[in-house]
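*Asks:* Reassemble the complex: the two chains are provided individually, in unrelated frames, and hints are given to aid placement.
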Amino acid sequence: MILDSKSPAGPLAEKWTKHKFNSKLVNPANKRKYDVIVVGTGLAGASAAASLAELGYNVKAFTFHDSPRRAHSIAAQGGINAAKNYQNDGDSVFRLFYDTIKGGDYRARESNVYRLAEVSVSIIDQCVAQGVPFAREYGGLLANRSFGGAQVSRTFYARGQTGQQLLLGAYSALSRQVANGKVKLYPRTEMMDVVVIDGHARGIVTRNVITGEVETHAAHAVLLCTGGYGNVFFLSTNAMGCNVTAAWRAHKRGAYFANPCFTQIHPTCIPVSGDHQSKLTLMSESLRNDGRVWVPKTVETAEKLRKGQIKAAEIKEEDRDYFLERKYPSFGNLVPRDVASRNAKEVCDEGKGVNETGEAVFLDFRDAIKRDTEALIKAKYGNLFDMYQQITGENPYQTPMMIYPAVHYTMGGLWVDYNLMTTVPGLYALGEANFSDHGANRLGASALMQGLADGYFVIPYTLGDYLAQTPPVKVDASHPEFAKVSREVKDRISQLLNIDGKKSVDYFHKKLGKIMWNECGMARTEEGLKKAKADIQALRKEFWSNVKVLGQNEELNQSLEKAHRVADFLELGELMVDDALNRNESCGGHFRVEYQTPEGEALRDDENFAYVAAWKYTGDNKEEELVKEPLAFENVKLTQRSYK
Amino acid sequence: MKLTLKIWRQKNSADTGGFVTYPIDGISKDMSFLEMMDVLNEELTEKNQDPVHFDHDCREGICGTCSLYIDGKPHGPLQTTTCQLHMRSFSDGDTITIEPWRAKAFPVLKDLVVDRSSFDRIIQAGGYVSVNTGGVPDANEIPIPKTMADLAMDAAQCIGCGACVAACKNASAMLFTSAKVSQLALLPQGQIERKTRAEKMVAQMDAEGFGACTNTGACEAECPKGISLTNIARMNREYFSAVMSSENM
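From first to last, the protein sequence lines stand for chains A and B. Letter by letter, the first sequence follows residues 1 to 644 in this note's numbering. Letter by letter, the second sequence follows residues 1001 to 1249 in this note's numbering.
Isolated chain B (complex conformation) (with noise of 0.2 Å):
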């Protein structure tokens, strides 16, 4: 395959940055979206050019560092990682167009590459149940009923890449930040701390700079994980619960 590509190129946070075009050449159709990348990197070494900077790492769909925003859309026109993704989804002859992900609360370091330690503070925040190590009860006297185990593993599943924040137009938090408290609430090991992990979350979440959720669902269509947008009800539900009944005011 014969390709034209548009990257975002941008040297660090301060630069304004811009598009740049390559033509690239010999691509096949079983290579992956990060192979096609890294034979571009090949090619820019060649020719004494700073390669293309982009995050990745297990390159199996599991780790959510891939972050490449293809032709408007995060992880590219598959609901899967950008890794997952590969050349046979694209067609000779193609421009693609690759940006990294954009919102406010994920500034870009250099290229494709962005910042977002704003998800760790959201966990750090409440994202947890305080628990030490040792002393804890026998693994079965927590019986738990599989459907809402079930329930709590698909909400478990999320991977942090950020293409829920990527999708929206308001670059909204929400998805992210619901599917850990969904996890939580849904758990009998989650209720202890259920209300004041809902709001230090949510919080946390607005200080970040996160956008607002206007219900558009855009997150869920591109989340590669299936996180589905139930988890935002039931984040609605639990913040408001939570601040009617609130110790900490």
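Excised from the complex, chain A in its bound form (with noise of 0.2 Å):
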């Protein structure tokens, strides 16, 4: 079986205007006769709710947050990309779309990423006409900075809170749409399942954070914006309650999940201190274009910083080697994250680590203090420095950064149409949710990018085709389906509660991350993989029996809500090691190292795996089935990723 995308035919430039105006239309006075329901209150989730309703959809915004604002996009740093062109400096829709395409490692869908590309100068209108205080310069017009993949600057920003201010003007548009009535907010709402009746998703089954009541919703169509599964790797940059639940309960009724594999190491991460360790913290990649990455030249001086007995400062100029300017000339320190995390990791396991576990590399900001003075630097990017410091009780700007790469992102997720539309009609899913503009590497900057588009400017045009041609009937939870969802919600939940076994949750999913860092991580290989994957069967067998969650339902009971979580982490974690079986070359962030071109770099096989590998579901602990969506390059030519 083929996976069609339903991408539009013509021109790629042409492709999205034609395809807006051969969508279905709802009436205006028909709108208020839809419901529609959306999961999570992110980028894509706040911005896809606020839109709709503005457009006269009644709205359901869940999250299982206290506030919507709270979503974990608030965290991204360092900016947004759009082929706005202010700086004159050569950018373009097509360069954009180009440089996505490229740097994801040519696995991404060209129409998807192309309309991307074209809608992010609407993003960046509708946010400064919110209020989002981006960056300017002295004549008052806006300020870019320059970011990894990208020879042009592009990205708008935030001081280094670019995500957090993008969100707030999402929530605020939110939270004008709740005070119309337009959108009804569910907070400490967390979704359990969606519900499906004749192939149609109509509903979802949630459960109350604080009382613990299973409910049912009904609506015309459910969107998932519920974010990535970077979790599954129990130490990751994501915060403590991302989760694939919504999405893994989708799959289980019928959605596809695409790429599973490719995940993003981001390189500037503050490197592992202690087993207590609980997550890891993003130091914005915008660092790298003023900080320069080093390690010493040889593992006998590693050593010695290793052990204390020397400091960075006393190492001369022609004792470090600064690998990626060296390596990579043309872009230096902005080289894709993809590859400037694997030679970090190539440093480090030669032995030239610079920190206690030998796990770590320098970003040393000496230089820039010397040329652009310390002033300009702290204006620069003076929270992410106090952060460091905080974090690390060390001042950067004295010592260099330490930092090592960490688990970011997930460019795979549930497989969507040119739509967004999943392989269950009326379910969608938005932003990192879906796996659909990234390939197998995401630029920086384009996670914010895609989560707004998808939210802002793709999904009020896409879903009203889908609502024309679904009756404006009544929709309500009194169909069997829902009851019977609702019963297998809550037999999950009692069985989780009687295992009464020995072991914490945290216990499992700590060791589930484990598995996955060391053999689905950087670098992979077919025996370890094989092995993860009879590991994965096993801890997940052993979660079922022996997993101890505390209290009861009727309550706020937070190992529950994290066993839930950790339980469907278990069976994804296989999905994904089956997944990077399944690919046998090397792309993006996915490395395998049994396919790399004698410099070591990754080594794509474009004759048999230019394809979405999207996994169909068929039932628990069975194999599940490969579905392929070929990808057609009709506007660039494949090449060897070259950043040299």
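Any given hint could be a false lead.
Said to hold, decoys possible - Where chain A lies over chain B, by a calculated footprint (3+ residues, C-beta under 8 Å):
1. 1055 to 1062
2. 1095 to 1109
3. 1132 to 1140
4. 1205 to 1216
For the record, the hints were derived by calculation from the structure and aren't laboratory data. Virtual Cβ for every residue (Gly too), placed ideally from N, Cα, C.
*Replies:* This is the structure in structure tokens:
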């Protein structure tokens, strides 16, 4: 079976315009007859909920947080890309499209990526109109910075808190619709399952996190804007609550899961300090604009550093290896994330790591401070430097920062067509929850762009096309399927509470994370992956017989919440391994050790693997079925990515 | 480090609650405060005791979810969020008292978890520019002096954690509300609704049961994002000029 992306025909630059024209419309008076459920209130969810409510649909918005403003989009630091070409440096929609396709190592769908680049310019207009305080030049116009994987300055930013400001913008638009009565907000409410009736998504089952009450909600369409699954690794830059549950339950109800093994390891994170660590903290990639990445040239010097016998500042210029600048002279420290991460791992594997654990490289601002003054560097990155100092206790203005790669983003996700619809009609996935735009590697400052593109400018059109073909008759949760799914959710809750085992939920989560990081992280081998598969299966078995979840359902019970999420991670983990095993090539963030060029770069196999691997759920503990969406490249030539 | 923790335990909003003391050992200085709480909860789970519930999420100081009142100060001894507080700020043998935010408008839900939806309702009352998606002018058609944009950004950095309310003896939400009023009053985009915004947001703040401001400045001193008291002064000006010329009599 081959998946149909429903990408419109015709020249790339005209596809979206034509598609919008060909999409059916719902007339204004009829819009109020349709109910739409939006799960998640991050950039994608909040922008979608607000925009759809403005159009006149009745929206129900759900978040497990206490407020929509807490979603993890808030933590994005560096910026948001847009092909405005305000800098007159040669940017264009096509160039943003090209950079994104190339950065994704030619594993994304051309039509979606072009549309993303096309609407990027409108996003900036929209956010400014909302009062998002982007950085400005003295003349009053918007400022830009450059980011990895691009040779133009197209990144808009609000100090080091761009995600926060964009989310607060979307949250304000959402709040306005809550006040207008067009959005009903359900905070502290977690989606537990999706209800599919006659092949169409018709609602969800939720759990009120405070009272434990299991509730049903019906609608004409369901939008999952529930983020990524990086927490399958336990340690990641994701927030503690980020999880795959909504997407995974949808998967088990028929939505295919695409490219699960495509995960992004971000090069600039604060290194792990010990076993107690609960999460990793990212330092914005924008730091690579001015910071220089290096390790000592020799293993001996590195050893002295690790033992604390010498300090970084004492190492002479000629004894330092600025390995990114050396290997990639044209992009230097601004190579894409996957390349920067893999190179850091490589030098550390050679024994040149610079902290106690040997898993860190320097990110040094000495030269930038000399060139630009400390005040200017402070103005640009002050909050990031402060955060670094708070966490590590070291002053990065005086000693170089230490960084190491960490799991940051998941390019894989629910498979969606050009309309952002999953393989279940009426069920959509937006933002990081879908797989659509970043291929095998996402460029910096593109996640914010995609979340808002999907929510503000894509779904308002594509959802209308679906709803126009759905009769505007009232839906409610009286269909027996709601009761059935609701019962299944309750059964699972009691099952978890009644195992009464010996080990905490975190015990299993940490163990799973170790397996995933070691075998399905920055470098993957067939042998390691096969071992990981068996280990995950064994761990999952142990979980269901030996996990300890205290308390009861009818109360705020954080252990129970976590148990649900980890149970789903234990299933997803195996699918990620299957996907990594199937993809006998290296591309972007997926690096199979067996497939590399003589220089150690990722070696793609376009003849056999230029496809999206979408996985179909076939039943508990059964192998999933692989369904392919072939990728056709009509506008770019597939080349070996080179940033040299 | 060996520590003694005095923690507020409360089963639910109806329960009266009280302090329970827990000894804890083997805490490293590099742990964050919340990682120390994780260690405690693992130990409690081991002993079949209900873990201590607390709100937290991003653990990088930006989501505003974490909310512990530590040794009489919101977010503890440093001017940062609880998740960014590390155990190197404490000494071996210390007794640490941990409470939830205390304010009428922030009812306790369980243990250290409080309900801050009153903040959301203040924003819903007018903390936005009323523009729909699409049909807006090109971003560079609204030039904004850098100094103004920077001031607006200073105010916009508020993370909505509620430390200002917890720090205030009157449990006033003036700093929180004024940060949003200021941000939008400073920017050209916010001018059209400037008056009604100030009026409505202040009215909602009062309706939620937050106390009055007596300018002690405790909020500013404890704000993890350094939101300035001048925002309160600005909101007062906005509010008075709005009510003086109000059309919403």
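*Asks:* Does each hint hold? Answer for all of them.
*Replies:* How the hints compare with the structure:
Figure legend: the segment 1055 to 1062 of chain B, annotated as covered by chain A; annotation consistent (8 residues with Cβ-Cβ distances under 8 Å, at least 3 required). With 1 residues carrying a beta carbon less than 8 Å from a beta carbon of chain A, the segment 1095 to 1109 of chain B misses the three-residue requirement, and the given coverage is violated. Note: the segment 1132 to 1140 of chain B has 8 residues with beta-carbon separation from chain A under 8 Å; the three-residue rule is met and the coverage holds. Using a Cβ-Cβ cut-off of 8 Å, 0 residues of the segment 1205 to 1216 of chain B lie near chain A, which falls short of the minimum of three, so the contact claim is violated.
Hints 2 and 4, counting from the list given before, are not met by this structure.
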